[in-house]
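S.K.: From first to last, the protein sequence lines are chains A and B. Numbering follows the numbering used here, with no gaps: position 63 of the first sequence is 63. Numbering follows the numbering used here, with no gaps: position 306 of the second sequence is 676.
Because the hints were derived from the structure by calculation, they are not lab data. Possibly wrong hints are sitting among the right ones.
The calculated lysine-lysine pairs, modelled on DSSO-like cross-linking and capped at a C-alpha distance of 27 Å, are [unchecked claim]: (1) 248(A) to 522(B); (2) 604(B) to 351(A); (3) 442(B) to 240(A); (4) 480(B) to 455(B); (5) 239(A) to 522(B); (6) 522(B) to 240(A).
Please read these numbers as outputs of a predicted model, since none were measured by experiment.
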Amino acid sequence: MRQNISAFLAIILSGLILTSGCGKDSPNKVNFDRKVMLENYANNIIIPTYQNLKSKTDSLKTAVDSFTVNPSLNELDVLQNIFLNVYRAWQLAEVYELGPAKDVLLRSSFNTFPTDTTLIGSNLRSGSYNLETASNFKAKGFPALDFLLFGLAASDAAILDFYTTETSAANRLTYLTDIIGEIKTKTDGVLNFWQNGYVETFKSADGTDVGSSTSYLVNEFSYTWELTKNPRIGIPLGKKSLEIPLPKKTEAYYSGISVELAVLNLQNIRRVFIAEPINGTVQGLSLKTYLDELGAEHNGQPLSDTILTQFDLAIAKTELVPNPLSDAVANNTTVVNVAYIEIQKAMVLIKNDMPSAMGVLITYQDSDGD
Amino acid sequence: MISKFSRIQFYLLALCFSAFITSCEKEEDDDHKHYDVPTTYVFTDSSGNSTVDYTGQTQRLDMLTEMMTYVKTANTSGVTLDAQKLKDMYANQNAQFTGAGLNVSDKQIKDKVFAPDQGLFEQYFDSIAVASQSTSVAVNGIAGVGDNGTNKYLFSANGIEYTQFIEKGLMGALIYYQAVAVYLDTDKMSVDNTTVVSGKFYTQLEHHWDEAFGYFGVPVDFPSTTTGSRYWGKYCSDRNTLLGTNQKLMDAFLKGRAAISNDDLDTRDGQIAIIREEWEHVVAGTAVHYMNGSKNDFADDALRNHQLSEGYAFILSLKYNPARKVTIQQIDYWLELLGDNFYEVTLTNINTVRDEISVVYGFESMKEQL
Numbered sequence: 001m002r003q004n005i006s007a008f009l010a011i012i013l014s015g016l017i018l019t020s021g022c023g024k025d026s027p028n029k030v031n032f033d034r035k036v037m038l039e040n041y042a043n044n045i046i047i048p049t050y051q052n053l054k055s056k057t058d059s060l061k062t063a064v065d066s067f068t069v070n071p072s073l074n075e076l077d078v079l080q081n082i083f084l085n086v087y088r089a090w091q092l093a094e095v096y097e098l099g100p101a102k103d104v105l106l107r108s109s110f111n112t113f114p115t116d117t118t119l120i121g122s123n124l125r126s127g128s129y130n131l132e133t134a135s136n137f138k139a140k141g142f143p144a145l146d147f148l149l150f151g152l153a154a155s156d157a158a159i160l161d162f163y164t165t166e167t168s169a170a171n172r173l174t175y176l177t178d179i180i181g182e183i184k185t186k187t188d189g190v191l192n193f194w195q196n197g198y199v200e201t202f203k204s205a206d207g208t209d210v211g212s213s214t215s216y217l218v219n220e221f222s223y224t225w226e227l228t229k230n231p232r233i234g235i236p237l238g239k240k241s242l243e244i245p246l247p248k249k250t251e252a253y254y255s256g257i258s259v260e261l262a263v264l265n266l267q268n269i270r271r272v273f274i275a276e277p278i279n280g281t282v283q284g285l286s287l288k289t290y291l292d293e294l295g296a297e298h299n300g301q302p303l304s305d306t307i308l309t310q311f312d313l314a315i316a317k318t319e320l321v322p323n324p325l326s327d328a329v330a331n332n333t334t335v336v337n338v339a340y341i342e343i344q345k346a347m348v349l350i351k352n353d354m355p356s357a358m359g360v361l362i363t364y365q366d367s368d369g370d
Numbered sequence: 371m372i373s374k375f376s377r378i379q380f381y382l383l384a385l386c387f388s389a390f391i392t393s394c395e396k397e398e399d400d401d402h403k404h405y406d407v408p409t410t411y412v413f414t415d416s417s418g419n420s421t422v423d424y425t426g427q428t429q430r431l432d433m434l435t436e437m438m439t440y441v442k443t444a445n446t447s448g449v450t451l452d453a454q455k456l457k458d459m460y461a462n463q464n465a466q467f468t469g470a471g472l473n474v475s476d477k478q479i480k481d482k483v484f485a486p487d488q489g490l491f492e493q494y495f496d497s498i499a500v501a502s503q504s505t506s507v508a509v510n511g512i513a514g515v516g517d518n519g520t521n522k523y524l525f526s527a528n529g530i531e532y533t534q535f536i537e538k539g540l541m542g543a544l545i546y547y548q549a550v551a552v553y554l555d556t557d558k559m560s561v562d563n564t565t566v567v568s569g570k571f572y573t574q575l576e577h578h579w580d581e582a583f584g585y586f587g588v589p590v591d592f593p594s595t596t597t598g599s600r601y602w603g604k605y606c607s608d609r610n611t612l613l614g615t616n617q618k619l620m621d622a623f624l625k626g627r628a629a630i631s632n633d634d635l636d637t638r639d640g641q642i643a644i645i646r647e648e649w650e651h652v653v654a655g656t657a658v659h660y661m662n663g664s665k666n667d668f669a670d671d672a673l674r675n676h677q678l679s680e681g682y683a684f685i686l687s688l689k690y691n692p693a694r695k696v697t698i699q700q701i702d703y704w705l706e707l708l709g710d711n712f713y714e715v716t717l718t719n720i721n722t723v724r725d726e727i728s729v730v731y732g733f734e735s736m737k738e739q740l
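Here chain B stands alone, though its shape is the one from the complex:
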């Protein structure tokens, strides 16, 4: 009875808030120029042609997915990984993909990864291939598959799950970096916005914005639809209850794109700042989440090391944002506290990392529950 009543109240509140927010938005737009911001990522020209295209981003996310499917086969003891195959997938050479159009695509992951870190992932491929050779059960000092009865993960001798270093690492060094540090940065945002690109329906500037959006990994009607979200889109949804990042990020992408199509670059710049800030909240919030997860499963070697590997890679990813709130020194310090042997990590250090990240990002009140 009461819960039904409070739900109604909640809807009313939500309604009034949304009314409040949209009316705010309109007023703000009125200050500048008159144009509509759509509620889904659908933009058309005056003839009705879609001006949106981010197939290159979709293809790279597809490539990453195929790579990770292959990597995860080694979570079964006895299945070995071929480092060269991973390097081929990384650089899209020697036709390693099965998805339509991927092998013949001129896109690849490697050349879009933050240049100084391109080689790091090839080292990860070598390391995970070595770990996959082991047929032992994973324990401190011995690589192999760790199994807590429910979950199985491949660990190095030091309890590092390279699968996570690769996947979450590339979410940082490829996806996040390309979106917030490349496509939304000055160079890509200073291109032509008056001429339609030959053979297309969009301007170069519109296209760059779409490419940033394409890396977000969400359906065009996000967040009313979250099905189909992947990579950052999925993690954004996972943190949304406490951080409210879904609507903020989607609104910023929509508003910035509408601003570009209406040549309102001040508004666009405001949205870039929002995207960088909110996306960083997703990264940091997810890092805190995995610190808590490592804590909650502290005594379970497999689950703890799995979640620490994820958390480690998310913390590392914080560096790829040009507007980041942390210094490289802080990131390095946190990673140092987690150490290079996840069997020997201490609770005190996990608490310290979690607490310090929470201070930087204003998560203190929710840090236990993120």
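Same shape as in the complex, but just chain A:
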């Protein structure tokens, strides 16, 4: 009898569910306008982030042109400093690998590390290379600049020689200019795309299903945090190599600002979560307010609070790691390991709990090993 009643209820209920909106992807009936959230991200966060990157890459282009005309220690110093500022600005833009950035693979184009110094050498000596072909991705972008501006020799004076008196100096200068040119072109292209129509595309895909903007954003949000966990810190620390440290696998190995970049990247993910503009105060709808609206909880606490607490802890522990990371992974393992563990603890929250509450599928994956 009781079974009959529950079967009856199930039928009624399923009928209700069917008529009330099968085909709609969202599991949640909450009062939250994702379109408004997406618009907030596009106009107040993403575009200003790319504008910031563009203004820095424009300066980089000017600096390399000036260095070409007058390769002096002073110009080298300017170029080095501007490059580091671009690298910092990139940490804020990396997470938006969707739409126009995904089409040109901005992340791999700009930041494949470790860079292949042998390939850079053979490319520039031959003077014949196509930076767009697959095998050259590890010979361009910021890691290649990091090498060409900081890694050619121990002192700036000796580095300068590589652009003035050493063999292939002219070719090296050309290569440097070409790499910077590509970075500028791609940055301009992506920003241009966002400013000329992509915002509309972005905010109109306002579901949570595969192919929706929220799905892309949540996936890249999690993936980028994971990039700091693995390539930035875990791999150099030896997490994929039997705990044997691999210092040369750090980001910004030659300039040695790896920890600073990692912290910037983590801080930026926190900023994305609450929709905080890179220069300004939090406003409007965000992934955080969406989670709050959904009532998502973790151990009886709002999930968004748990995420922010864990983000803060991970950032604080990473800030304790001394630069350069290449030295710390070998000689300060415990401190790096603590940071790694706190970064790792956030993964389950943002890769499982948050997407599950939002009804978003995590579709990125590690490559098949077969």
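Chain A is already provided as a structure; the job is to place chain B on it using the hints.
M.R.: Structure of chain B alone, referenced to chain A:
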């Protein structure tokens, strides 16, 4: 809390949908004839004898597995492959197998491969044997084992992983071709369905259907059990989250077989159409998946070339379906875009291939995430 609630909702939805679908099926069956479609691939005669037999297919899949185990030994530098041994395994001659019953079996791979392509695989065997002679590290222009620190694959001088051309190629030219183009085609589907084959419990028509199913590579209670799935069964499961192919393919195999046993050939023909269409979705979806994989690992020579080799072979496999949605010219064009040197492939071309396949198969909304 919320995730628990939405899970319950999800189950209810799933329940109501399954109820909905089964009731649909029943109605449809009622229009024709009264018979049950089982939920597992178990069919018996009135005396309880199993009428299912696809040992020949199982044996060929076993042979392929042994062949691939041997081929993959060459992913370690210094291990060379004997092309003649591969040709012997291909044609099941000179007792190369270790699995019980394989060497004495009258089955072989070669004579079931799409006839015009039988020689192609022997060329692949020669090519991979040559590549395996190299003790160099794989780089553009030099064959050898490519190693990104985690994965090792044997590549030709042009970055082609013949291992994938052989394995995924045979999944197309042997397995997919035999199932959708031979066993489910007019000739094999126009045989006797009234007389039990001498010494067996099945009719010739039932047996042909089982042989097609045997190539699918799944357990009889798929997809509630996916353990033990191999080749297409495994890739079908890999794409299932986005394409939902597991249940569709299994249901079609079950329904078609039940229809044959009840002499309902109209229903059977409907299921053939479904199998061809859904299986093609698995092939195309997997090709798109590997285009995305090649993209995501674009800067990693080993992983990119590995995934491009897989993707290339899956695209090639599209041709073996008599009801395919693409023309041979389209397939050739896509392969041309990927080129014959995977070190020099461009992102633009990978994007084009992925986007065009997605248009043909209606994957556009999910093409970034397949």
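S.K.: Holds or violated: are the alpha carbons of residue 522(B) and residue 240(A) at most 27 Å from each other?
M.R.: Roughly 15 Å between the alpha carbons, so the hint for residue 522(B) and residue 240(A) holds.
S.K.: Compare the distance between the alpha carbons of residue 604(B) and residue 351(A) with 27 Å, and conclude whether the hinted pair is satisfied.
M.R.: holds, 25 Å
S.K.: Need the status of pair residue 480(B), residue 455(B): alpha-carbon distance at most 27 Å?
M.R.: Holds, because 14 Å separates the two Cα atoms, which is no more than 27 Å.
S.K.: Holds or violated: residue 442(B) with residue 240(A), Cα cutoff 27 Å?
M.R.: With Cα atoms ~22 Å apart, residue 442(B) and residue 240(A) stay inside 27 Å; holds.
S.K.: For residue 239(A) and residue 522(B), compute the direct alpha-carbon distance and say whether it is at most 27 Å.
M.R.: OK: residue 239(A) and residue 522(B) at ~18 Å, within 27 Å.
S.K.: Taking only the CA atoms, is the gap from residue 248(A) to residue 522(B) under or equal to 27 Å?
M.R.: Between residue 248(A) and residue 522(B) the Cα gap is close to 20 Å, so the pair holds against 27 Å.
Hint compliance for this structure: every hint is met.
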